[in-house]
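S.K.: With the sequences and hints as input, model every part of the structure.
The primary structure of each chain is shown beneath.
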Amino acid sequence: MSNTRMAILKDTSLCVACYACRVACQNHNGLPENQKYLSLQFQEKGTFPNAEQHIARKSCMHCGDAPCAEICPVGVLHTNRQGFVNYIDNTDENCVGCRLCVNACPYDIPEIADGKMYKCTGCEELVAAGQEPACVDTCIANALTYGTFDEMAAKANSRLARIRTKYPAANLYGVDSHGGLGMLTILRTNPSDFGLS
Amino acid sequence: MALSRRKFLIIAGATVAVAGGVTAGIIALNRREDDDADYQAATDPDYDDLTDFPSYTETQQAADVELKASFCNACSSHCGMWIHVKNGRAWKVTGHENHNRSLGTLCARAHGHLAWIYDPGRVRTPLKKVGENQFEPISWQQAAQEIGNKLREVRESGEAEKIFWGHNPRQTGVFYGTRFMHALGSSTVVTHNAACNTAIHCGFQNTIGRQGPAADLRRSNYLMIIGRNYGEGIRTSQATQFAEAIAREGAKVVCVDPRLSASAALADEWVPIRPGTDMAFILAMCNVLITEDLYDKGFIAEYAVGFDQFAATIGRYTPEWAEDITTIPAETITRLARELAAAAPACFVDPSWKGAFGANYANCTETVRTVAYINALLGSIGQPGGLGIGSSMATGFGNLNETHPAPPAPDVPRLDGAGRGGQFPFAPTPQGLPHNIARRAMEEPGSVKVGFIRHFNPVRTFPDHNHMKTGFEAFETLVVIETHMTETALCADYILPECSFAEREEVVENHGNTIAIRTIAVDKVYPETKSLDEIIPMLADAAGVGNYFGFTLDELNTARLAPLGITLEEMRKKGSITVPTNPNSMNPVIFYNEDFAAAGFNGVARWIEPVTGFRLADNQFRLLNVKQGYHSHTATANIPQLGQITKDYNTQRPWMNATKAAEMGIADGDWVEITSPQGTYRGQMKVTELIHPEAIAFPGGYGNRTPFFEFSASVGGVNPNDLVPFRMEPISGHAMLQETFVTLRRV
Chain A
1 MSNTRMAILK
11 DTSLCVACYA
21 CRVACQNHNG
31 LPENQKYLSL
41 QFQEKGTFPN
51 AEQHIARKSC
61 MHCGDAPCAE
71 ICPVGVLHTN
81 RQGFVNYIDN
91 TDENCVGCRL
101 CVNACPYDIP
111 EIADGKMYKC
121 TGCEELVAAG
131 QEPACVDTCI
141 ANALTYGTFD
151 EMAAKANSRL
161 ARIRTKYPAA
171 NLYGVDSHGG
181 LGMLTILRTN
191 PSDFGLS
Chain B
1 MALSRRKFLI
11 IAGATVAVAG
21 GVTAGIIALN
31 RREDDDADYQ
41 AATDPDYDDL
51 TDFPSYTETQ
61 QAADVELKAS
71 FCNACSSHCG
81 MWIHVKNGRA
91 WKVTGHENHN
101 RSLGTLCARA
111 HGHLAWIYDP
121 GRVRTPLKKV
131 GENQFEPISW
141 QQAAQEIGNK
151 LREVRESGEA
161 EKIFWGHNPR
171 QTGVFYGTRF
181 MHALGSSTVV
191 THNAACNTAI
201 HCGFQNTIGR
211 QGPAADLRRS
221 NYLMIIGRNY
231 GEGIRTSQAT
241 QFAEAIAREG
251 AKVVCVDPRL
261 SASAALADEW
271 VPIRPGTDMA
281 FILAMCNVLI
291 TEDLYDKGFI
301 AEYAVGFDQF
311 AATIGRYTPE
321 WAEDITTIPA
331 ETITRLAREL
341 AAAAPACFVD
351 PSWKGAFGAN
361 YANCTETVRT
371 VAYINALLGS
381 IGQPGGLGIG
391 SSMATGFGNL
401 NETHPAPPAP
411 DVPRLDGAGR
421 GGQFPFAPTP
431 QGLPHNIARR
441 AMEEPGSVKV
451 GFIRHFNPVR
461 TFPDHNHMKT
471 GFEAFETLVV
481 IETHMTETAL
491 CADYILPECS
501 FAEREEVVEN
511 HGNTIAIRTI
521 AVDKVYPETK
531 SLDEIIPMLA
541 DAAGVGNYFG
551 FTLDELNTAR
561 LAPLGITLEE
571 MRKKGSITVP
581 TNPNSMNPVI
591 FYNEDFAAAG
601 FNGVARWIEP
611 VTGFRLADNQ
621 FRLLNVKQGY
631 HSHTATANIP
641 QLGQITKDYN
651 TQRPWMNATK
661 AAEMGIADGD
671 WVEITSPQGT
681 YRGQMKVTEL
691 IHPEAIAFPG
701 GYGNRTPFFE
711 FSASVGGVNP
721 NDLVPFRMEP
731 ISGHAMLQET
741 FVTLRRV
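If you're matching them up, the sequences are chains A and B in order.
Using the numbering used here, you'd call the opening residue of the first sequence number 1 and step up by one each time.
Using the numbering used here, you'd call the opening residue of the second sequence number 1 and step up by one each time.
Hints are computed from structural coordinates only; laboratory data are not their basis.
Don't take each hint at face value.
Said to hold, decoys possible - List of simulated lysine to any residue pairs, SDA-like, C-alpha gap at most 20 Å:
no.	chain 1	residue 1	chain 2	residue 2
1	B	Lys-660	A	Asn-50
2	A	Lys-58	B	Asn-650
3	A	Lys-166	B	Gly-679
4	A	Lys-116	A	Gly-97
5	B	Lys-297	B	Arg-338
6	B	Lys-252	B	Asp-268
7	B	Lys-660	A	Glu-52
8	B	Lys-68	B	Thr-519
9	B	Lys-524	B	Arg-248
10	A	Lys-116	A	His-78
11	B	Lys-252	A	Pro-168
12	B	Lys-68	A	Gln-131
13	A	Lys-155	B	Arg-248
14	A	Lys-45	B	Glu-269
15	B	Lys-252	B	Arg-219
16	B	Lys-647	B	Lys-573
17	A	Lys-166	A	Asp-193
18	A	Lys-58	A	Gln-43
19	B	Lys-68	B	Val-507
20	B	Lys-647	A	Gln-41
21	A	Lys-166	B	Glu-269
22	B	Lys-647	A	Gln-35
23	A	Lys-45	B	Lys-660
24	B	Lys-252	A	Thr-165
25	A	Lys-45	A	Asp-193
26	B	Lys-469	B	Gly-679
27	A	Lys-116	A	Thr-91
28	A	Lys-45	B	Thr-659
29	A	Lys-166	B	Val-507
30	B	Lys-573	B	Val-507
31	B	Lys-647	A	Glu-111
32	A	Lys-116	A	Cys-105
33	B	Lys-647	A	Leu-40
34	B	Lys-524	B	Ala-542
35	B	Lys-524	B	Gly-546
36	A	Lys-45	B	Arg-248
37	A	Lys-58	B	Lys-647
38	B	Lys-86	A	Leu-40
The structure displayed is predicted, hence computed values, not measured ones.
M.R.: Next comes the structure, spelled out in structure tokens:
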């Protein structure tokens, strides 16, 4: 298997916020209803009748320089062959729930339940078998796609040309952030509107 | 494997907690012992093993995954899917790649509704009513005997026409339910449509001569979508095609909606409109197309009937006239009409579904007729990228008529007044009017002898809960075939437990160029539950008409598939198969409808206002009953994964306009009293710029009244049906879901 860096691309200009991604992920990963690996954020802009609704996804961004993996005192986390930040051997058994990863994360992602940290793993067992992550596989609006980091960045840039005719601030977030993100996002508005820098 | 032991233990804990709560309600019932073998099986303590997550977890990690073909049951789209089964337990679902309604993906409801299989709140045995919300378990034998005796008595007294069947119309229920009614001597089958899209069916039937046209989203260059919300009123494939249109170079998507829905939020243009006035908007665009000579004269010459009569009425429908009614600027209306004409014929005004004019106002059937008119003016009907008229299987399903002839359709009046000779001659008869049956039962004692309801909850999904509940309780006997203790089930004299969608095989069904089957994916969790193909023959036997059901489901499906050259075994293995189709033929487009005129309605559709008008007094708002993509009406708020989305985002809140809210001193998240002539409810508001100042949008998925839906109760919310009175639209009889005003008061 190659070590080509992979990425999930979220195109928020196509997202209908149906949460198929969230529930497919919960089922695949065996999460109870009150835990999730991904959530959506919403920002209204403008005033009626010229109002807009903008969306961002909040989930592990799979940083290229993953500060969570770096700081973990028991070495539970690592960057895998797809470039996603996952548990070593796909298990969190050794996590001690010390919260160092929570504090180190630039995106405020990891959460703790029953004394252990949890977050999106990039569905390593699926992508290693040639399938897509569970969220991408079920997306009904083509808002999530999966491919190599370079393919996803190129795809995003061709989409942006059309989106910018209505949303001049539209941009691709994540190519240069924190060593490049495995979770790239097409935003119709400035990243700072969602607290992203 | 990503499933860690820790996570499964968390699930196990949560499940036990819920089980404790819900079963308490059932255990409180009087248990009744008898010697029925099924009843003994149902009381065997071992039969809860499948819901024991810790023991399941012990072995699941190493287990193989088996894919079982099925289709979703969370809404009536029935998207094809694979159920992934591990150790005999449904683990997850993925979209069936060959099913034309899923195209390989599934929405949140499909994933979430696996919970229905293992829900400890399932109906586990036949139940007989002993008091308000109180039922005692009885055997199948007793249930069939008592229901059968009642049916025999009704038939012997010559009153079989006072029996009816109500359901969400999909193949298994259509086959068994209709055949059962015909065998008994009744002609009445009713569905959910009168609270959904009956105006669509009636309006198109009486203009383009067929029901259910669908926009050709894939090939259109200009999509004008009025009220329809593809991203939240989801049929998976259409949501995908909508998103493809959003992304397509050269295509323009315009969403006309009082609210910036999740769909409108993605559109090239959002045109907010005053609720209930869509017809005025469409008529004004027709005015522009005709007065500016932009319409397709070739199409009109070839297909239109009575165009001149319509053209003679159009002069008064100017964009300025419509601006006053719709609040859309006249110049916007003119521009949009011109843009449509420039894109014609690869353009459409969307035929919609429930949306803005499926069953909302007194003018909905007339609005749908004008949608047909404008698509005819654009020459888009039946054209690539236009208003599609569909296709039909080149080779149809087979049947059992040679060996097992179907009972003839009895020539008796329908109980609901729908169809020729009835109170509502234009109400589509495959769909009917369940709310009118409720009215009759109350007003004419003895008029409804026996009602059967299967997996359908009209008592909650039609306006005016008191009307529906009182009416359904006034039937001499109500039998509900269900998996869960719904509001309608609570009105029943008998509740018969059906096994869940994953535990039963069903009649092979067809949608366009797809045929699909639901196979048995997992063993029955509650062994005493039965599938419909077992229940109906049992009831028919008891009623003395069992001779019409002397075949098995396997024999039926084999016969259906035979002309297609497909074996039942192949069908089960593949799940969904693409079959050849032929395009449907074009019919004339009826602008002037003689039947309507003869019945005292308008020959040509003319502007009419909602019953409640369209101008508001101070502190009055129009109510919108809107969809969210992760709920199917009130059927899903009790699914923890889906109800939790609502809780996490507080999306049970009605929306109101920010400027109006500021005038009234209401802030986002404030609690208010919401009042209509039907009553007063407390609700927490979402204050937003994304909605017309005159509207308040109520998500329709909340406000269950059954005490058996505990998670739903914790979600909260106000159901719009509680604010709307019982009404019937004069032409098609639909339930007019949005004909009311509401007022707000800060508390």
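S.K.: Could you work out which of the previously given hints the structure breaks and list their numbers from low to high?
M.R.: 3, 9, 16, 29, 34, 35, 36, 38
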